[in-house]
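Residue numbers (our numbering), protein chains in the order written: chain B, 1 to 348; chain E, 1001 to 1382; chain G, 2001 to 2589.
The set of hints was computed from the structure by calculation and includes no laboratory data.
Just so it is clear, CB atoms sit at the ideal spot from N, CA and C, and this is done for glycine as well.
Be aware that one or more of the hints could be misleading.
[Unchecked claim] Derived CB-CB ranges, DEER-like:
1. E:Gly1260 / B:Gly124: 36 to 44 angstroms
2. E:Ala1058 / B:Ala108: 51 to 59 angstroms
3. E:Ala1058 / G:Ile2166: 48 to 56 angstroms
4. B:Gly124 / G:Ile2279: 51 to 59 angstroms
5. E:Thr1329 / G:Asp2140: 35 to 43 angstroms
6. E:Ala1058 / G:Arg2313: 56 to 64 angstroms
7. B:Leu91 / G:Asp2177: 53 to 61 angstroms
8. B:Leu91 / E:Glu1259: 56 to 64 angstroms
9. G:Tyr2275 / E:Ala1058: 43 to 51 angstroms
10. G:Asp2140 / E:Glu1272: 41 to 49 angstroms
11. B:Gly239 / E:Thr1297: 33 to 41 angstroms
12. B:Pro329 / E:Gly1154: 45 to 53 angstroms
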Amino acid sequence: MNGEIAAILAMDGIASGAIYVLIGLGLVLIFAVTRVIFVPFGDIAAFTALTLASLETGGLPGTVGLVAVLAVLAAAMEGTALVRARALNRLPRAFLFYLVLPLVPAAAVWLAAGTTLSMPLRIGLSLALVLPIAPLLDRVVFRPIADASVLLLLTVAVALHFALSGLGLMFFGPEGVRTKPLSDVVFDIAGLIVNAQTLLIVAASIVFSGMLFLFFEFTIQGKALRATAVNRTGARLVGIRPATTGTIAYLLASLLAGISGVLIAPVTTIFYDSGFLIGLKAFVGAIIGAMASYPVTALGAVLVGLLESFSSFWSSAYKEVVVFGLLIPVLLWRSLSMASTDEEEAEE
Amino acid sequence: MKNSIVAAAIAASLWAGTAHAQITVGFVTSQSGPGSSIGVLYDRGMKAAVEYASSLGAEKIKLIQLDDGSDPSAATRNARKLVEENKVDLLIGTATAPSSIAMVAVANELKVPMISISPITVPATDSGDRWAIAMPQPPSLMVKVVVDRMKRDGMKNFAYIGFSDAWGDLVYNGAQKPAEADGIKILTNERYARTDTSVTGQVLKMVATHPDAVLLGGSATQGALPPLALAERGYKGPLYGTPALLNADFVRVGGKAVEGVQVSAGPVIVAEQLPDTHFSKKISMEFRAAYQKANGTSTTDGFSAYSFDAWLVFLDAAKRAMATAKPGTPEFRVALKNAIFTTKDLVGTHAIYNFKPGESYGVDDRSLVLVRLVNGQWKYEP
Amino acid sequence: MTAFQLRFAGAGTILLLALAPVLLSPFSITLLNYIGIYALAVLGLVLLAGIGGMLSFGQAAFVGIAAYATAWLTVREGYSPWFGLVLGLALTGLVAAILGAVTLRLGGHFLSLSTIAWGLAIYFLFGNLPTLGQFNGISDIPPISIGGYALASSESIYYLIWSFLIVALLLAANLLDSREGRAIRALRGGRIMAESLGIDPFRIKLATFVIAALLSALSGWLYAHMSRFVSPAPFDVNVGILYLLMAMVGGMAHLSGAVVGAAIVTLLKNSIQDYLPVIAPGASGQLEVVVFSVLFILLLQRARAGLVPFALRYLPRLQPSTPLAAGSLDRRHQPERGQPLLTVTGATRRFGGLVAVNDVSFELCAGEILGLIGPNGAGKTTMFNLITGALPLHQGRIGFLGGDITRRAQRQIARAGIARTFQHVKLRKTMTLLDTVLLGTYGRTSCGFFAGTLRLDRAEEARARAEAIWQLQRVGLADRAFELAGNLPLGNQRLLEIARALAADPALLVLDEPAAGLRPPEKAELARLLEALRTEGLTILLVEHDMDFVMGLVDRTVVMDFGSKLCEGTPAVIRRDPRVQEAYLGGVA
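Kindly generate the complete structure, drawing on both the sequences and the hints.
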C-alpha cells in the first residue's frame, strides 16, 4: 500500500460513498417524518437504473405496469376512505393526485416504447415514472398501519422489499445493466484518473445535501416536515396533515433515489437485487447519523464507502463481513448516545 | 394433511385404471435468485430440447418443471416432490453447484437416475453406487484447456480474479494442477461478489504483481467488471476465461475492455464457424433451429446447450431401457440408470459423450475449443 | 375444557402424528419433516420476539452455525452426529451469548437492525471460510444413527424430528409457566416495571436470546443430517425473515403458533408452486416471491396477531385448576416501629434547565404512613423515582434500612425492600391476575431456568401461589384470579398493582396516587387496607391529591411545591400553614 494506491482507494471509496449519501439521506428523510425504515428504498434506486437501461435499449419497462397498478389501488383506497368519511368534495383532488398524475408518465413511456429517445428525455421519463412509486406504496401499504409500532413497520418494509425485488426480476430479468454515461470525459488530476461521472455523483450528493439542509431550515414546508417528525399530534393541532407531510417526504426521497439510480447506472452494474445491499450499506451511514442528522449521515455514508474500498483491498472475500460487522458497534454507540426512550415500546 | 389423503385416494383410484407407459422427467432450474442468470438459460435450452423431440416412439414424454430459487433446500424439496409425488423416471437439474449436489443426494437415496447440468463432483451412495452424471465439461478441464493455451502463448504467470462463490472456487481450484504442470505461476486469488459495485482494491493488488496474463473467474454481466477496472488501471495484457463468459451481456458491458479475451468453449458456441466435418456441426445447427422456434430468439450461448445435450443422453438411454422395463416402475429407473452409464459415442452439441459406471463425466478433450472475442463476436481459434 | 381433556386431546394428536408415515404419502412426510425443523427454529423466535419482545431477523444464522458445526465435525473429523449435536449446541450458545451481551442493550428497532447486521455477517462468513467448503458447502453428511440404526429415510428421521419438537414445546410451556418464564413475559412493554420488581431485564433477555439460539441450533443439526448437505444459501437473512413470517402467521404470542405458522407457510409455498404455473406459466418461479410477499403484507395489515388467537376464540377455554394451598414463603421481620427507615438528605434532580427536585430532605419512620402532597408539577413523582432508583440523583443522599441506596440500581433497591406502584398503572395486559401478583414474588423466590423448564420448582411455585392468592384476597380480587389484567377496570388495576407490590414483602410501600380513579366506596376500602397494613408494621409512603383521603389516613405529611419542600408535619398542622394554603389556593383564606 503506497500513497498512490491509497489515493485511488480513497477516491473509489468517496465515489461509492457519494452514492450511499444520496440513498442514506432519503432513508433518514423518510424515517424522520414517518417512522418507517424504508428498506425498499435501494430497490427504487435500482428500478430507476433498470428502467433507464430498458428505455435505452428501446424496450417497455415493466415499471409502467407497476405504477399503473399501484395508482389504481391507491386511488381506490383513497376513494373508499373519502366516501366513508363523506368527504366527497375531496374526491376529484384525490383522484388527480393518486390516479392521474402517476399515470401521465406511465402513459408517456408506454407510448414512447420502441422509439429512440434522447438522453435527457430518457432520464426525465425514468425519473418521472419512478417518482410516484414510493408515495403510492405509502398510501397502499403504510397508511393503513400508520400507527403501528416501528418494528411492525420495519417488518412490512422488509416484506415490501422482497415484493419489489421479485417484481424487478420479473420485469428486467436476472442479468445486470449498465447505462451510457452522462459524460465520457476523463480528467487527469495529479496523476490520478478521475472520470467525470464520478465527479458528477459527488457533486450531486453535495448539492442535494445542501438543498435538503436549506429546505428544512428555511422553508415552511420543511419546518412542517420536521414538526411532524418530532410530534405528530402536535403537528396536527397546528394544522399540519401528517399524511401530507408523509407524502412530501416520500416524494422528495423518491427524487433522491431516482437521481442516485440514474447516476450510478453508468458506473456500476445494477441487478434486480442490487438495491438491497446498496440500501443496507447506505443504511449504516444513516445509523451513524442517528437517523436524524443529515450532515452526519452524509459523513457516515462516505465512511462506509471508504471502509468498503480499503477492506476490499486488504481482504476482498471478507469485505461484507467487515462492513456489516461495523454496523453493530455503530448501533451500540448510537443507541447509548441517544436518550433511551424506554416506555416508547408499546405493548402490542 | 387430511386433504392430501383424500386427494391421494382419488388420484390413486383414478390412476389404477390406466396402465401408463409414459415416461416422466422432472426438471429443476433456478428462475430466481443468484443462479437465475444461468438458470433461465437452462430453461430455454430445455424448451428447445422438448421442441426438438417431445416423444419417444409412440409415447409423449411428460416434463414437469420446478423452480428452486437458487436455494439448495428448495432444490432438495423439489427433487423429493418430483420423485415421491410425480413419480418421475429421471431428474434433470439445476443451475447452481450446491443445489445440484443436494439433488444428487436425493437421487441416490430414492434410487432415481439424475443428469446434472451443472459441473459438479457427483457424490456416490454409501455403497459406492452412482445414480447421477454431470453433463458439462468438468471445470478442471475447462480451465486446463485455457491454461494450456496460456502456455502456448508464452505466459509465465497470471493473476486470478473470480466470484466469491462456488463458481469462483471451482475455477481457481481447477487452475492449480494444470498451472503447475505447465510451469505457470498463479500470482493472486482475488474475489468479488456478484453484487459488487467496484473491484478497484482487488485490481490494484493484481496490477501491482505485474502479471503476464489475467484469468477471469466470473460470469455474465459481472464478469466484465474486472476487465473494465483493469483497463482503467492501464493493464494491457491478455485476458483468459472460461465458458461462463460466453454471454451477450458480458460482451456488451465489457465493450472495448474485453476485446481479445480468449475462453475455452464448447463447440456449439461457434457452430457456424466449424468445418462441416466437425462432429458438433450438424447437431448444433439443429439445436439452434429448435431454440429459435421454442424461444423466439437466436442464441450462441453454451448453457442452454447443456440442457439440450442432457435431453439427447436421456433419449438415447431411454430408448435402450424401454426394451427391458416399463416406465413408471423401479425396474425402469434401474434400467435407465444402467443405460445412461453405458452411453457410447453419443454426438452432442458440446461433446461426444461416453459414460462409464463409476465416473461422473463423459466428455474428453474434443469437447472444448478456444474462441477469441473479436469485434464483439466469438471467433474460433483452432 | 379441563386439564384432563386437554391432555387427552394432546395424546390423541401425538398418536395421529405417530401414525402419519402409515397414513400419508412419502412427500407429505417430507413436508412434515421440513415443517418440524422450521417449527423448532420458529419456536425460538416466538419465545424471543413474540413473548420477549426482541424482534430478530437473524435466527437463520444460528441454524447455520449448528448445521455447519455438525457437518464439519462429522464429515471432516469423522465423529458421530451426536457429538455434532453437542458441538452445535455449544458453539451456537456461545456465539449467541457473545452477540447478545453486545447487542441486547439496544432497544427497539436498533436491536432488530443489529440482527440483520450480524445475520448477514455470519452468512458471508459461511461462504468464505475454506474449511466450510465456501460456497460449495459440505456434502456427504452421514445420517444420525440410534444404536446402530441409521435414520437415513424420511420416515425414520420424521420420528426424531417430531419427538424433539414435542419435547421442546412441552419444555417451553413449562418454562413460561415458571418464575423466570413470568419474567420473560414481563419484558415486553418497558424496563421500568420489571426492574421495580427486582428483575434484571438484561439477564432475562440474554437468557431468552440464548434459549432461542439453542432451539435454532437443534433445528440446524436436524436439517444437516436430514438433507445430508449444507451450503450457505439456507441460512441467509431471507430465511430469517421467512421464520418471522411463519411466527406471525401462526400467532407470535403463542407457542403453538410456531407449529401452525410453519405448517401453513410450508404448505402454502408448496401449493403456490403447484398452482401458479397453471395461472401464470413461464414466470411462475419469479412470481412466487412476489405473491408471497404480498400475502405477508396483507397479513401484517389485517391480522397481526396471527391465526392461533383467532382459532382460540372458537375453542373451549381451559378451566384453570384451583391451586392447593401449600405453605408460604418466608416473611421479613418488619423493623421496630418508630425507627428511621428512609432518610432523604438534600435530594436534587435536574432536567436540563428545570430543577424538578430541589434540595429536599425528610425522614420516614418505620410503621408510619407518610403522605407526600403538593400541587401539580411539584416534583412528587420525580421524588418517588429518585427514591426507587428509577432516576439517578444529581445531589444528595438517600438512606434506607441503614444502608445508602443513592447510587443503587432500581432492581437492587427493590430487592432491598422498597416496592412501588405507578401513577400510570404498569401491568401486562395479557397476564392473569394470579401471574401478575406472582411476578411480585420474584425477589423472594429463586428457581432458575433449568428448574422451571424441568418442572423441578413445584414446591416453591406452590408456596408462591399461596402467597399470591393471599395478597389477592387482601385486596378483594381473589375471585377473579384467572382473569386477564387488561380486562379489569382502572380501580381494580390499581388494587392489583398494590397486591403485586405487597407480594414482594417490602419494608416500605411506595404508592403513587393509589386512589386516583376510584369511587368513594373503593377509596374507603383502600384506606382500610392501608390502615391494616400499617397495623402489621408496614411503612407506607404515598402521593395523593384527594385531601380527604390523605388527611384521614396519614400520620404525617410532607408538602412540596416547585421542587422544594415547603413544610412537614401532621395533617392538622399542615392544614393551617399559610404557605400551604397559598400554594394550593393562591392565597391565604
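We went through each hint and held it up to the structure:
no.: 1; hint: E:Gly1260 / B:Gly124: 36 to 44 angstroms; result: holds, 38 angstroms
no.: 2; hint: E:Ala1058 / B:Ala108: 51 to 59 angstroms; result: holds, 55 angstroms
no.: 3; hint: E:Ala1058 / G:Ile2166: 48 to 56 angstroms; result: holds, 52 angstroms
no.: 4; hint: B:Gly124 / G:Ile2279: 51 to 59 angstroms; result: violated, 37 angstroms
no.: 5; hint: E:Thr1329 / G:Asp2140: 35 to 43 angstroms; result: violated, 29 angstroms
no.: 6; hint: E:Ala1058 / G:Arg2313: 56 to 64 angstroms; result: holds, 59 angstroms
no.: 7; hint: B:Leu91 / G:Asp2177: 53 to 61 angstroms; result: holds, 55 angstroms
no.: 8; hint: B:Leu91 / E:Glu1259: 56 to 64 angstroms; result: holds, 60 angstroms
no.: 9; hint: G:Tyr2275 / E:Ala1058: 43 to 51 angstroms; result: violated, 31 angstroms
no.: 10; hint: G:Asp2140 / E:Glu1272: 41 to 49 angstroms; result: holds, 43 angstroms
no.: 11; hint: B:Gly239 / E:Thr1297: 33 to 41 angstroms; result: violated, 58 angstroms
no.: 12; hint: B:Pro329 / E:Gly1154: 45 to 53 angstroms; result: holds, 51 angstroms
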